[in-house]
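*Asks:* Keeping their order, the protein sequence lines are chains L and Y.
Numbering that gives the first Met the number 0 puts the first sequence at residues 0 to 211.
Numbering that gives the first Met the number 0 puts the second sequence at residues 0 to 374.
Treat the hints loosely; a few may be bogus.
One-sided excerpt, in silico: chain Y residues whose CB lies under 8 Å from chain L [as the list claims (entries may be wrong)]:
#, residue
1, V57
2, I87
3, P88
4, L89
5, A224
6, V251
7, P304
8, I306
9, G361
10, A362
Stretch-level coverage of chain L by chain Y, calculated; a stretch enters the list once three of its residues show a Cβ under 8 Å from a Cβ in chain Y [as the list claims (entries may be wrong)]:
#, region
11, 40 to 46
12, 54 to 68
13, 197 to 207
In short, the hints are calculated from the structure, not lab data.
For each residue, glycine too, the CB sits at the ideal point set by N, CA and C.
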Amino acid sequence: MKKYFALAMVGMLALATETMAATQAVNTATVAATLQISATVQKAVSLTLSTGTTGGISHCAVNAGAGPPDYTMDFGTVDALGINAGNCNKFGPTVPGTDNAIYWSDYTVTPIFTSHTVFAGTTVSAQVTTDFAAPHNIFVVRSSTATSSTTPVGLASFAALSTGSADTISAAGTTSGTALTRFIGVAVTPANGVTVLQGAQSATVTFTLTVQ
Amino acid sequence: MTANLTAMYRQKLGYFRERAHTRSRFALTIFFFLTIALAPRPANGQTFTLSSAPFGIVLTPAGTNYSGSFGTLNALGIGTPAAGVTVIPLSNGALYLTTYRLTVSGLVGSHTAGVTGYVSTNFSHPAALVMESCPSTSACNTSGAFSTFSTNSATPTTVIAPPGIPNFTVTAGLAIFVPDNNGASAFAGTDSAQITLNMTNLTNNKPIGTVTISLNSPSETLQTAVKLTLATAPGGVTVTTAADYSMSFGNVNGLGIGPLAGLTTSSVAGGIIYSTPYLLQPAFTDFSFTTATLQVYASSNFAHPTILQMDDAAASGGPYTAISTSAGSPTQITTSAASRSPLTRYLGLLVSNINGVSAFTGADTAALTFTLTVP
Numbered sequence: 000m001k002k003y004f005a006l007a008m009v010g011m012l013a014l015a016t017e018t019m020a021a022t023q024a025v026n027t028a029t030v031a032a033t034l035q036i037s038a039t040v041q042k043a044v045s046l047t048l049s050t051g052t053t054g055g056i057s058h059c060a061v062n063a064g065a066g067p068p069d070y071t072m073d074f075g076t077v078d079a080l081g082i083n084a085g086n087c088n089k090f091g092p093t094v095p096g097t098d099n100a101i102y103w104s105d106y107t108v109t110p111i112f113t114s115h116t117v118f119a120g121t122t123v124s125a126q127v128t129t130d131f132a133a134p135h136n137i138f139v140v141r142s143s144t145a146t147s148s149t150t151p152v153g154l155a156s157f158a159a160l161s162t163g164s165a166d167t168i169s170a171a172g173t174t175s176g177t178a179l180t181r182f183i184g185v186a187v188t189p190a191n192g193v194t195v196l197q198g199a200q201s202a203t204v205t206f207t208l209t210v211q
Numbered sequence: 000m001t002a003n004l005t006a007m008y009r010q011k012l013g014y015f016r017e018r019a020h021t022r023s024r025f026a027l028t029i030f031f032f033l034t035i036a037l038a039p040r041p042a043n044g045q046t047f048t049l050s051s052a053p054f055g056i057v058l059t060p061a062g063t064n065y066s067g068s069f070g071t072l073n074a075l076g077i078g079t080p081a082a083g084v085t086v087i088p089l090s091n092g093a094l095y096l097t098t099y100r101l102t103v104s105g106l107v108g109s110h111t112a113g114v115t116g117y118v119s120t121n122f123s124h125p126a127a128l129v130m131e132s133c134p135s136t137s138a139c140n141t142s143g144a145f146s147t148f149s150t151n152s153a154t155p156t157t158v159i160a161p162p163g164i165p166n167f168t169v170t171a172g173l174a175i176f177v178p179d180n181n182g183a184s185a186f187a188g189t190d191s192a193q194i195t196l197n198m199t200n201l202t203n204n205k206p207i208g209t210v211t212i213s214l215n216s217p218s219e220t221l222q223t224a225v226k227l228t229l230a231t232a233p234g235g236v237t238v239t240t241a242a243d244y245s246m247s248f249g250n251v252n253g254l255g256i257g258p259l260a261g262l263t264t265s266s267v268a269g270g271i272i273y274s275t276p277y278l279l280q281p282a283f284t285d286f287s288f289t290t291a292t293l294q295v296y297a298s299s300n301f302a303h304p305t306i307l308q309m310d311d312a313a314a315s316g317g318p319y320t321a322i323s324t325s326a327g328s329p330t331q332i333t334t335s336a337a338s339r340s341p342l343t344r345y346l347g348l349l350v351s352n353i354n355g356v357s358a359f360t361g362a363d364t365a366a367l368t369f370t371l372t373v374p
């Protein structure tokens, strides 16, 4: 009987210092509240273009576009004889009227990717997705070695940027967060005829980052 | 001769005894009538009685005194009040209220009666416990219906206002306001008070009767109270009330792409911090201290602590520091939290931009424990 009484008293004392809920209490100087935080982590990829920084050459500015396009680059007024200076750099034709003139610039492409468990085969590619109109007396060019970051030295340093498939401009092993310098331009052919393009013309190049 | 003297003596003694007895009987008779005449009694059969209301506290009568109790109280209105008591938490304390019945009978004709009252014995700690009254004309179920009960018999509080009531029973309210009270006047313990109610025939302006309510059976017990709530800050992520509170940062990534509404992203070494303001609302009463300490620690960390980390900052722009994961050494938020003063704080979620085998995608959770301590 005494044991039961003692147990009952313990119960009553416990009630005397009651705690109403986790966030509030009486007869005590401390209270604790818990906050549950939840988040879902997702993989992310980012590819940004910016104006080049290569020394010794001029840079055509990479500007933010209206989305689309994401970015724009303007080479200025160009011609097949290399008479116009353009907005940045040019290589005039070796044989005027036979060879092309190339107006070019460097640019920077920065791939970033996070939370990927597999990324060793990551690449960056570029492709002309909207070409200048036929007869293509102006077309987009890139370094003859698409992955090259070496400053071009002449007409031979360039090759046409593919329109039917993507050219790899950063091979497998591309690292996240490392800015890559590449070169891009427009070649103007000496073609003549009723259909040759004149005036303002534009093309679209699509850059693709593939984390794999 | 001696015998005669003895007989005479006894005869006189008996005379004096008889005379004294007669005087005593006379005095008793006078006393009886005086007692009857001076005793408080209904005027012309009019009576004033109190009784418990159906949902009020129990009032136990003993003559013209009625005793009861409001039980245990605190200024934050925490917990379930005593039977018959309703608690209304207020922005500056808590109001514990009850109702009681007043009955008048024996009024003649169109006579009516009114009642006034005052606190005839106030609480010993009037800064901590304040008697309030609600007139019979009110439902007495909101704080606005109550006003401070006069402690001055010369200027009593009206309970049944003119023109009064005929022979009838009405319900009035009685309350104890427990104000926020920290610092020098803080009090926690037991206390009691007494109310005196006077009923008057408002037609002939003659008193009908007086009753008292003693709130001492048992005495009221005032307790200290602490409370800590979290809430959504303007422009911040919603804090919901679930175990005890919860906050979702939604989909996050190491680049800060597409943050949820209310989140701000900032790039830091190793990843992105998603941050949001939130409110910490401490409240404490009847402590001798006027400031308290707020601390936080991650009582349950993320399953992927190298990918996700909870940060704390005093300002939106940071600096953000990792919240401790140790209960023994929590992150200090402030040592000067004032009661009922919301504190805007910033919670950051650092999302790592790491790639590779240790990278993680998917849902994860953590729990932060905020502790309010009044020294």
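*Asks:* Against this structure, judge whether each hint is valid.
*Replies:* Now the hints, each set against the structure:
no., hint, result
1, V57, "violated, 21 Å"
2, I87, "violated, 16 Å"
3, P88, "violated, 10 Å"
4, L89, "violated, 15 Å"
5, A224, "holds, 5 Å"
6, V251, "holds, 5 Å"
7, P304, "violated, 12 Å"
8, I306, "holds, 6 Å"
9, G361, "holds, 6 Å"
10, A362, "holds, 5 Å"
11, 40 to 46, "holds (count 6)"
12, 54 to 68, "violated (count 0)"
13, 197 to 207, "violated (count 0)"
Consistency note: the structure conflicts with the earlier hints numbered 1, 2, 3, 4, 7, 12, 13.
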